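Student: Residue strings, one per chain:
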Amino acid sequence: MADENPVKVNYLDALTAGLWRENPTFRLLIGMCPPLAVTTAVKPALTMGLSVIFVLVCSNIAISLMRKLLKPHLRIIMFTLSIAAFVTICDLYLRAFAPLMSEILGAYVPLIIVNCIIIFRAEACASKNNVWFSILDGIGSGTGFTIALCIIAGIREILASGTFAGIAVMPRGFVPWAAMQMPVGAFVLLGLLLGLSSLLTAKRTN
Amino acid sequence: MDRAYILIMGFLSVVIVNNFVFTKFLGTCPYLGVSGRLDTAFGMGLAVTFVTALSGILTWLIDFYVLVPLGLQITRYICYIVVIAGAVQLVEMYVKKFFPPLYKSFGIFLPLISTNCVILGLCLFINIWGTDNLLEVAVLSTGTGFGFAVAICIMAAIRENLIMVDVPESLKGAPITLITAGLLTLAFMGFTGMIK
Chain A
1 MADENPVKVN YLDALTAGLW RENPTFRLLI GMCPPLAVTT AVKPALTMGL
51 SVIFVLVCSN IAISLMRKLL KPHLRIIMFT LSIAAFVTIC DLYLRAFAPL
101 MSEILGAYVP LIIVNCIIIF RAEACASKNN VWFSILDGIG SGTGFTIALC
151 IIAGIREILA SGTFAGIAVM PRGFVPWAAM QMPVGAFVLL GLLLGLSSLL
201 TAKRTN
Chain B
1 MDRAYILIMG FLSVVIVNNF VFTKFLGTCP YLGVSGRLDT AFGMGLAVTF
51 VTALSGILTW LIDFYVLVPL GLQITRYICY IVVIAGAVQL VEMYVKKFFP
101 PLYKSFGIFL PLISTNCVIL GLCLFINIWG TDNLLEVAVL STGTGFGFAV
151 AICIMAAIRE NLIMVDVPES LKGAPITLIT AGLLTLAFMG FTGMIK
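Which chain is which? The protein sequence lines are A and B, in order. All letters in the first sequence, in the order written, are residues 1 to 206 by the numbering used here. All letters in the second sequence, in the order written, are residues 1 to 196 by the numbering used here.
SDA-like mimics (lysine to any residue), calculated; alpha carbons at most 25 Å apart, straight line: (1) B:K96 <-> B:G36; (2) B:K104 <-> B:F50; (3) B:K104 <-> A:F120; (4) B:K104 <-> A:A124; (5) B:K172 <-> A:I155; (6) B:K104 <-> A:I77; (7) A:K71 <-> B:K96.
In case anyone wonders, no lab produced these hints; they're calculated from the structure. In this text the structure is predicted, and so the values were computed from the model without any measurement.
Looking at chain B on its own, in the form it has when it is part of the complex (with noise of 0.2 Å):
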């Protein structure tokens, strides 16, 4: 019971109170690129959860098992970097060849999910915290990616209602899209100091 307790919390930590996007400024790029309609910010915050979790999980294994008893740390950024271009590429084919339609709204965006500032940053988050059982791993990244993907879907909701606003010419596009993340920051803080 009381293991539950602490992985509930800690999913609940990293979705809504120490929100990668929101307080680490990690994966800001697509946060403000890829927001513009709801429906593809769905889709990618969905993708971005599958290779969060599942790069997590990867890179925790091979830190533990092999990187750590073979005294190979040094090579550690370059081993993460791989498990997750790997992964990155079984999303692309696994999307290509089902949701075609959806392939083509990602575009560029797709591919450039392995340089994705959430995934390498829970990746050596993971690390720093020290965290050392899978299963709590395994709910931290899978909660991370669902952080993200909470972020960017509010982002595209409030950006579809924004296209009917008036903006001042000078602040139209980027700069309302940074303030207006901006007071949603100022939101989330209200969680601030709820779960440690």
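Pulled out of the complex, with its shape left as it was, chain A reads as follows (with noise of 0.2 Å):
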């Protein structure tokens, strides 16, 4: 175990990390699968953002909480259990209260068990830091990847029917650009996005 309190703990580092220094998707490439799935849409992007954001604090906490007695080689199956525990509450929680969201999302909630950033968290900064720093973190790591999902989900939804959350933007006789909608857009897009804030960064070193 690494000593208890480090030195000088920052707080607010802890909650700025996460939107662009290590975003998750655009720097640390982990978690891909939602940013590439449910991306066709702005509002189903921004419920599951938001899900991730609930299950990542929570998680958090949960395993900051029990991080003295975690044995190393049973960690990860702990930290998987206790995320699947979380996320059937919000699973349940969707199914109950925005029914049509948990029909478009479908079998994309569960899938946030096996979310990389997650797991990745819990390992990184969870099981080494007290519960409030958990806490901070899991909100920065996760409002970091909405905002990625939101970006991703903006430009394919207003490409592919000229709408933004169910608002038309595009001038009249737009043609809606059907191959955003599909798999290849979404691979695409990402590639470019990731290729332009790999400039950025180049651009800011030098």
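Take each chain as given, in its own frame, and dock them per the hints.
Tutor: Following this line, the structure appears as structure tokens:
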């Protein structure tokens, strides 16, 4: 176990790291399934992002509380079990209060269990730090993930159907770009966005 | 004869037409992460195929004979995860004992098979499809794992050649891999609608 209180625990840093510097989607390239799968429109993407924030914060709290009891070889199974419990709660909640979204997202809600972001944060942060730090870290990473989802979903929805969150934004006579709705649009768009992000990073360091 | 026809078509469907990687974006992490070299990718594909087949069958049996009769569907996700983690542990021990070099080259990615979306995704989709026949479940599970192996091997073969290509500086690494993956899905889209 690393020392309990690092010399200087920077709480603000924990909150903002996930937004850009350690953004799960654009910088760390983990949890790539949802950014490709649920981003055909903004509303499902936002629902997905909020679900991930909820599960991430809850599992970070749980894992942070039991970090002293964890055995190295049983770590990953304990992580996934606690995540599975919170995802079940989230799935039942969505089914009860947002049946339409639950239907659109389908199997991708239970698939949050195997989302690498949550396990990665549990391993890298929650199993080493105290509860408050883990909560802030969860909120930060989750928000960064949600923003990334919304950016991709926004571009895809505007180009594929000319709407943003259901409101028409493109001028009349706009021809929908059907490829954006298909898997190929998701892959190529995410590839180009990653290229853009590495271009920006290279510019900043120069 | 009719039954065999359905099974063969189901197998081809999950391998080619409804490949999980290309149509449902499942298993994208190892698909991008482990596809650097063909031999590692092949080993990874085989390991995932085995785990998928095993856990697909086991979770279906548990679901059909335990959870549904007892009305315990609420614990479904937790049961699935336990079964998958157990199957992965089995593969890990086997590879460590009999193929030490392969075990080293997998590194952290081997225990992480349990968080591969393809496997949990398959268990969930078998449930959604409402398959009620053990033979069909076995064929679909093996087919899905095999489909993943095919996808990751194609990707690895392309990436081995991509090293020698002059790619723009900012697109090197993950971005160009994603764009390549996009073009691959476009190619596989030609199969859409051939089999349901």
